[in-house]
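Trainee: The chain contents come next:
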Amino acid sequence: MKTRDLAYVALFAAIVAVLGQFPPVPVPGIPVPITAQTLGVMLAGSVLGARRGALALLLFLTVVALGVPLLASGAGGLGVFVGPTAGYLYSWPVAAFVIGWLTERFWRRYNLAWALVANLIGGIAVIYAIGIPFTSLYADIPLSASAVGALAFVPGDVVKAVAASVVAVAVRRAYPVIELPTRRATAG
Amino acid sequence: MLSLYRPGTSPVHRARAGLKLAGLAALGTGLFAVPRIEVVLAALAAVLATGLLLGRLPAGALWAQVRPVWLLLAGLFGFHLLVTDALTGTVAVLRLLALVLAAAVVTATTRVTELVAVVEWLLRPLEVVGVRPARVGLLVAMTLRFIPVVAERAARIREAQAARGASGVRLGLLVPLLVQVLQLAHTLGEALDARGADDVPVRRPRRA
Chain A
181 MKTRDLAYVA LFAAIVAVLG QFPPVPVPGI PVPITAQTLG VMLAGSVLGA RRGALALLLF
241 LTVVALGVPL LASGAGGLGV FVGPTAGYLY SWPVAAFVIG WLTERFWRRY NLAWALVANL
301 IGGIAVIYAI GIPFTSLYAD IPLSASAVGA LAFVPGDVVK AVAASVVAVA VRRAYPVIEL
361 PTRRATAG
Chain B
409 MLSLYRPGTS PVHRARAGLK LAGLAALGTG LFAVPRIEVV LAALAAVLAT GLLLGRLPAG
469 ALWAQVRPVW LLLAGLFGFH LLVTDALTGT VAVLRLLALV LAAAVVTATT RVTELVAVVE
529 WLLRPLEVVG VRPARVGLLV AMTLRFIPVV AERAARIREA QAARGASGVR LGLLVPLLVQ
589 VLQLAHTLGE ALDARGADDV PVRRPRRA
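For the record, the sequence lines run as chains A and B. Okay, so the first sequence: first residue is 181 according to my numbering, each after it adds one. Okay, so the second sequence: first residue is 409 according to my numbering, each after it adds one.
Because the hints were derived from the structure by calculation, they are not lab data. Take these hints with a grain of salt, some might be off.
Not everything, but these chain A residues come out facing chain B in the computed CB check (under 7 Å) [claimed, not checked]:
(1) R184
(2) L191
(3) A193
(4) V243
(5) G247
(6) P264
(7) A319
(8) V339
(9) V347
(10) A350
(11) Y355
All residues carry an ideal CB built from backbone N, CA and C; glycine is no exception.
Same shape as in the complex, but just chain A (with noise of 0.2 Å):
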């Protein structure tokens, strides 16, 4: 690991951060407003890889835990980490390590579409797979009642795919970051 992706880990956590601070917005018809928190998973995998976007996600999860109320929630500490939806932040670096690791595959003909199939699978799927049934253990409440407390998110979750898709696209025109074994970098 070299130096260079020690500092893109911490700056996309930084990102990830600031990207909690926006104000949620509130989108009609959709029973909850949107944080942009998420959206901060969705690009760690997407712009910087597999590892590198996991890393970025354990790092701001670390400095959560350390006690700087970073989650969009105005939560932090470790309190959150033993909540009854802490799965879903748990699933946080797994969502983003399986967005890089679909995105570096798709990577020769990244296209909007392969990006949302990344996006959709490793930010959705992941997420509230991993969510859902901690939730349903942790708070003792049937797997179905906890999916169903689950599905209000999920159209803001498919707006935030769609959007980090688009991002994640102009990003890799303009400044592509992911590294394929058998083509040389282009960045010295």
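Following the hints, complete the assembly by docking chain B onto the known chain A.
Mentor: Relative to the frame of chain A, chain B by itself:
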């Protein structure tokens, strides 16, 4: 950047960070292993006594961390009343409340530097696979330093776009922000290399 740490000299403040975290982990395991109302109530009382009496924390310091999950816990209790029974619901909700409060006590009484030291200690076994625990402190410091930088750049881009007549374009903000940040990371990586950050395990002086 605002931290949730509340300075103090109480025995809870002076206890070792590793001990407090181990206690938190033990409490979490214990409460889920023994889901009985008297155990949960005893744990809740013990946590409150540790925080408020022994640790002399203001109630607000604990409330600040309960507030984000408050509604969720209330909703959970309501759900249990409908589906299971009041006792199961009380155990499930109070158990989570006790854990969140215990975590709040640890966060409010432990310095960030001490917690970083524990993280570094926990990562030490991973040294054999190439992880450098000493880098954790550096990365945490870099992240805290860059949050205002990133926020300031975002504000500047928004102003520039507003000056050109664009309003409320959020996606249009993200692309230039990400490109600027990636360029910054590139420069920063070179600066770190120039200072030898990659050669020696960085041991930062402990600062409060």
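Trainee: Each hint needs a verdict: does it hold in this structure or not?
Mentor: Going through the hints against the structure:
1. R184: holds, 3 Å
2. L191: It holds, given that the least Cβ distance between A:L191 and chain B is near 5 Å, below 7 Å.
3. A193: holds, 4 Å
4. V243: holds, 5 Å
5. G247: holds, 4 Å
6. P264: Since chain B brings a Cβ to about 6 Å from A:P264, closer than 7 Å, the hint holds.
7. A319: holds, 5 Å
8. V339: With a closest approach of 11 Å, the A:V339 hint is violated.
9. V347: holds, 5 Å
10. A350: holds, 5 Å
11. Y355: holds, 5 Å
In the structure shown, a violation is registered for the earlier hint numbered 8 alone.
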